[in-house]
Amino acid sequence: MKLVNAVSKIAELPRILERHGIELENVLNVEYNANAMEQINVQVLLHDKEAIQKLGVCDNESIIGHDDTHWTQFRIIKDGISFVCWKRQGEAIA
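The opening residue of the sequence shown carries number 1 in this note's numbering; numbering runs sequentially from there.
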């Protein structure tokens, strides 16, 4: 049943993005994870921080990469979908 719900959420994605003023070109990747610990098993990777902020206030977490690069992950759950964006040293990168 998880896959059926995920497909439904993915089908709603263009409408969700349009409602929040996010261009389809900002979507880098859409993933389904059947083993997600939460009820949220669809993740959308967005290109830039400005796009994800249109969805609302994001949680963020700072991470240091294997090469000592500082990254910030921005995440928000909206309409049953987890939206994510990564930012490295001032520019959004997937």
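Hint data in this document are derived by calculation from the structure and do not stem from the laboratory.
Everything numeric in this text was worked out from a predicted model, so none of it was measured.
Some clues are possibly wrong.
No more than 27 Å apart at the CA atoms, straight line, and that leaves these computed lysine-lysine pairs for DSS-like [said to hold, decoys possible]: (1) Lys78 <-> Lys54; (2) Lys9 <-> Lys49; (3) Lys87 <-> Lys2; (4) Lys2 <-> Lys78; (5) Lys9 <-> Lys54.
Status of each hint after checking the structure:
1. Restraint check: the Cα-Cα separation between Lys78 and Lys54 comes to about 11 Å, which is no more than 27 Å; the hinted pair holds.
2. With a C-alpha separation of about 22 Å, the suggested pair Lys9 and Lys49 falls inside the 27 Å cut-off, and the hint holds.
3. A threshold of 27 Å between alpha carbons decides the hint, and for Lys87 with Lys2 the separation of about 30 Å lies outside it, so the pair is violated.
4. Taking the CA atoms of Lys2 and Lys78, the gap is about 17 Å. The hint holds against a cut of 27 Å.
5. Under the criterion of a C-alpha separation no larger than 27 Å, the hint pairing Lys9 with Lys54 is consistent with the structure, at around 19 Å.
The structure fails to meet hint 3 from the earlier list, while all remaining hints are met.
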